[in-house]
Amino acid sequence: MNYNFRFNALLPYTGEILRGVGLTLQLTLLTAVIGLAIGLFVALASSSERAALRVPARIYVEAIRNTPLLVQLFLVFFGLPSLGIRLDASVAAMVGLSINVGAYAGEILRAGFQSVRSSQVEAGRSLGLTAGQTFRHVVLFPAIKAIYPALASQFVLLLLATSVVSSIGAADLFHQAAFIDSRTYRSFESYALITLAYLILTLAFRALLSAIYWLVFVRRSRP
Amino acid sequence: MLKHLSRIVSAVLLAGAVTVAPALAADLQQIISAGKVRIGVPVDVAPFGSNDASNQPVGLDVDMANAIAKALGVTLELQQITGANRVPYLATDKLDIVIAAMGATPERALQISFTSPYAALSSGVFGPDSIAVTKPEELTDQTVAVARGTTQDLLLTKLAPNANIQRYDDDATAAAAFTSGQAQLLATADIVAKDMMDKNPALQLKPKFIMEFSPCYIGVQQGAPELLHWLNTYVHLGMRDGSLSALSEKWIGTKLPALPTI
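If you read the sequences in order, they're chains A and B. Okay, so the first sequence: first residue is 140 according to the working numbering, each after it adds one. Okay, so the second sequence: first residue is 8 according to the working numbering, each after it adds one.
One should not assume that every hint holds.
Claimed, not checked - Some chain B residues judged to face chain A by a derived CB distance under 8 Å, without partners named:
| hint | residue |
| --- | --- |
| 1 | 155 |
| 2 | 156 |
| 3 | 174 |
| 4 | 176 |
| 5 | 180 |
| 6 | 183 |
| 7 | 184 |
| 8 | 189 |
| 9 | 191 |
| 10 | 220 |
These are computed hints drawn from the structure, not numbers from a lab. This structure is a prediction, so every number in the text was calculated from the model and none was measured. For glycine and all other residues, C-beta sits at the position ideal for the given N, C-alpha and C.
Working from the sequences, and respecting the hints, build out all of it.
In structure tokens, the structure reads:
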């Protein structure tokens, strides 16, 4: 129980760590936005009366939520080239993660839409709002406000899940730590450092999500 | 105290020397007059020595053993051995010659004698004909898959600083990156490249350049100088006429370079 920490050994690899942080952040932010967009479509399609929309949406959601993320990433990265679609590791990571997050965000948003009573929609329409206006002000906005905490947790989980993409060779933060470990044999230091980095990233990301909530929902609803 | 200790140590060393002292080795003339040579080949090291579907020993070392027996003009008594008993089989006079993908070390050379190298395992970069790369310095935009932290990774990082290296968790994933077309080249051991091509003939894993060679040596009992010299002559001639290189290409997939002799 007497380990000599030598973080100095990692100093030559500062560039790698920073690049890793960059890709992890980029993946998280882009994927959160794309995933939210996919989720919105999926939630609308899932709540649709028409089976032609509802059934494919349900199949997508169930297929993604009941298979491992790692397998989905391997399918995109190693499988799609057989169909002539060759994506770079970081692009494949973004595509795979977006498809994954889209399904979860879709389910969360669907729950939000269901929380809005149909009588409120009818009330909106009878006040003279168009169908689009009703959807925006009466359904979408209150729905997102209601499920915002769940959505925010999902995005934080997304940030943590990006560590899986190193398996397909994308040079994210975890990938860089494994690389540094393979060069310095300082496993404890390498992984302790990125544990701290992930912690800081996650806390910063949570703060960002709270700020967005305050800007969009709290400040706006003030009289 | 120290004197006492050194006495014990030398007694132990002496005892060790006595027990590992080789039985009188059969030298070249005894082998020829006996009309048979006992050669050990690996049982579990493809492509050097393993058993085929009909349980017959096959491999580079098996071919080598047959060729040596033929050149000696005697019958071959083939014995399949494992890595652990390569040296003991010779040291206890159960075999005359061991051809078993064996690397030479000073420790092993205390107990047996090594000929000049007859084959080599190599680490290199492999890929299709369409990619014209012959040196590490020529690697720039081409993507090379490698398993992170392996000898190949360390060598490639050092030799080709401008290369676009994709690092994967293990050999299988790096190989998958190549077979799926995600990487244009694969840095691996030559026997792995050969094995992949044998299993999937659609793959093209031609050696682009070799980064490192690990030579393999024939082992003989100590106290058989004429046999050792004859084998060295045989290896030397095989190197010169290209037959050893052809053997290497047949089983390992790469040509044999000029290896330093012992």
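Tested hints:
1. At about 5 Å, the closest approach between the beta carbon of residue 155 of chain B and any beta carbon in chain A falls short of 8 Å, and the interface hint on this residue holds.
2. Contact between residue 156 of chain B and chain A, as hinted, is supported at the beta carbon level, the nearest pair being about 3 Å apart and thus within 8 Å.
3. For residue 174 of chain B, the interface hint holds, since its Cβ comes within 8 Å of a Cβ in chain A; the closest pair sits about 6 Å apart.
4. Given hint, residue 176 of chain B at the interface with chain A, holds; its Cβ is 6 Å from that chain's nearest Cβ, closer than 8 Å.
5. The beta carbon of residue 180 of chain B comes within 7 Å of a beta carbon in chain A, closer than 8 Å, and the hint placing it at the interface holds.
6. For residue 183 of chain B, the suggested interface contact is upheld, since its CB lies about 5 Å from the closest CB of chain A, less than 8 Å.
7. Interface hint at residue 184 of chain B: satisfied, since its Cβ lies 7 Å from the closest Cβ of chain A, which is below the 8 Å cut-off.
8. Taken as an interface hint, residue 189 of chain B checks out: its beta carbon lies about 6 Å from the nearest beta carbon of chain A, inside 8 Å.
9. Hint status for residue 191 of chain B: violated, given a least beta-carbon distance of 11 Å to chain A, over 8 Å.
10. Checking residue 220 of chain B against chain A by beta carbon gives a least distance of about 23 Å; that is not within 8 Å, so the hint is violated.
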